[in-house]
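Undergrad: Single-letter residue listing:
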Amino acid sequence: MFRYSATKRIISNLEREPVVSNLGPTSDELWHASDRDRNFYTYGSMGLCSSIALGMALSCDEKVISLDGDGSILMNLGTVATIGRETPANLIIIVWDNEQWGQTGHQKSHTAFGTDLEMVAKSNGIEKSFTVADEEELDSILLQALNEDGPWFIVAKIEDEPYLSVAPVEPEHTLHRFRQTFVGRPDRVG
Amino acid sequence: MTWAQTIVDALKEHEISLIAYVPDSSIHQVTKIVDKDEYFHLVSATREEEALGIAAGAYATGRNAAVFMQSSGFGNSINAVAGLAIPSRIPIPIFINLRGEHGEFNIAQVTMGRSTRPILDVLGIPHYTLDSEERLEEKVNGALKLCYASREPLALCMTPLLHGGKNV
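Heads up: the sequence lines are chains S and A, in that order. Numbering-wise (our numbering), the first sequence opens with residue 24 and increments by one. Numbering-wise (our numbering), the second sequence opens with residue 985 and increments by one.
Next up, chain S with everything else stripped away, as it sits in the complex (with noise of 0.2 Å):
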C-alpha cells in the first residue's frame, strides 16, 4: 500500500471530520490530496499527532481521524496508555507504518524489529485494534470505523514512495481556519 493512495481514499470517505497529520510527507500528502479546513498539519513537535488528536475527540462529537507515523508514535507510546484510559469513542488512530524513519535517511524504526503496534494498542485496552496491508482493508475497517464506537487504532503498512513537495502551510492559519470551523466567530482582537 501507498500512502499518497491511501490518504486520497481515505479523505474521499469523509465529509466534515476534523484530521490530525503528522510532521512531514504525511501532512504533504494530506495538503495534496485535499486542503480541507478541517485538516490540522503538524510540522513539529514529533510524537504528539495522536495526543492532539485525543485532545480534539475529548473535546467534539465528531469522529477525529489521527493520520501518524511509526516513528512519531514510538516517542510517545504513552498516549496510547491514555487513549485507552481515556477511551474516547470518537477517536480513529490511522499509524502508517514503514518500518523506518524515512525522511531522515531510512533508518529501520523498532517495527522492523517486530514491535508490534497493534499489540501494544490491544494491551493498552483499545480493544478494536487492526493491521491492514492494502488500501481494500483499511477502506473497509475504516468505514466501520466511522460508523462504530472507538477507539479505533489500524496500523497500516506501507511501502516507500517518492516524496510530494511541501506543502505550502503555516501552523497559525492552519490552527486559525481549523478553529474557526468549531468556534464560528472570530477571536476577538481589540
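Treat the hints with care, since some could be wrong.
[As the list claims (entries may be wrong)] Stretches of chain A that chain S covers, calculated by requiring three or more beta carbons in the stretch to come under 8 Å of a beta carbon on chain S:
#1 1040 to 1049
#2 1059 to 1068
#3 1082 to 1092
#4 1099 to 1106
[Said to hold, decoys possible] Derived, one-sided and incomplete: chain A residues facing chain S with beta-carbon distance under 8 Å:
#5 999
#6 1037
#7 1096
Derived from the structure by calculation, the hints contain no laboratory data. A virtual CB, placed ideally from N, CA and C, is assigned to each residue, including glycine.
Mind docking chain A on chain S? Use the hints.
TA: For chain A alone, kept in the frame of chain S given last:
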C-alpha cells in the same frame, strides 16, 4: 479561600474546562478539586509533552485547556511548546510547580527547577511567579486574560511559599 480554590475559580472564569496534567503532590491540591467538579475534564497524561498536545487539540476544537506539571516535567515538554504551541499560536496556560526552591530536599530537582524561568525567558514565554496568596486572584486572572489575548502559551510558576512544598 485556599490558594488552590482561587486557581480553580480563575480557570472557570476563563472557561478552561479541560485540564491535562502529570501528578505532583503540591498540584494535587488543585487537581483534587478539579477531579470532583463536573465542569472539568481532568486528563491524566503519561508525560508532560503529551499533556501539551492534548491541550493543543482541545483549543483547536474550541475548548480552552490548561496544563499542570512539575518543573522537571517542563523539561520534558519544551519541544511541545517550541514546535507546536508557539508556531501555531495556541494559548495554553502552563502551571508549573517550581521544585528546587526553598526547602528542596532532592538534589536531582534543583537544576531543572532553577533553570525553568530562564528557559521560559529564552523561549519568549511570559511567566509569573505565584509565591503568596496576596493578590493571587488578580495575578492569576490577569495572566489568563493575557494568555488568551496574546494567543501564546504563558507560564504560572508556583513556589513552596504559595503551596507549602512537599513534606517528607
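Undergrad: Does each hint fit the structure? Answer for all of them.
TA: The hints, checked one at a time:
Coverage of a stretch by a chain is defined here by at least three residues with a beta carbon nearer than 8 Å to that chain's beta carbons; for the region 1040 to 1049 of chain A and chain S the count is 9, and the condition holds. Restraint check on the region 1059 to 1068 of chain A versus chain S: 5 residues with Cβ-Cβ distances below 8 Å, three needed, restraint holds. Chain S is given as covering the region 1082 to 1092 of chain A, and this is violated because 0 residues of the stretch bring a CB closer than 8 Å to a CB of that chain, at least three being needed. Beta-carbon proximity to chain S at under 8 Å applies to 0 residues in the region 1099 to 1106 of chain A; the threshold of 3 is not reached and the given coverage is violated.
Proximity of residue 999 of chain A to chain S is violated relative to the hint, the smallest CB-CB distance being about 11 Å (cut-off 8 Å). For residue 1037 of chain A, the interface hint holds, the least distance from its beta-carbon to any beta-carbon of chain S being 3 Å, beneath 8 Å. For the restraint placing residue 1096 of chain A at the interface with chain S, the shortest Cβ-Cβ distance is roughly 20 Å, beyond the 8 Å limit, so the hint is violated.
Checked against the numbered hints given earlier, this structure breaks hints 3, 4, 5 and 7; the rest are met.
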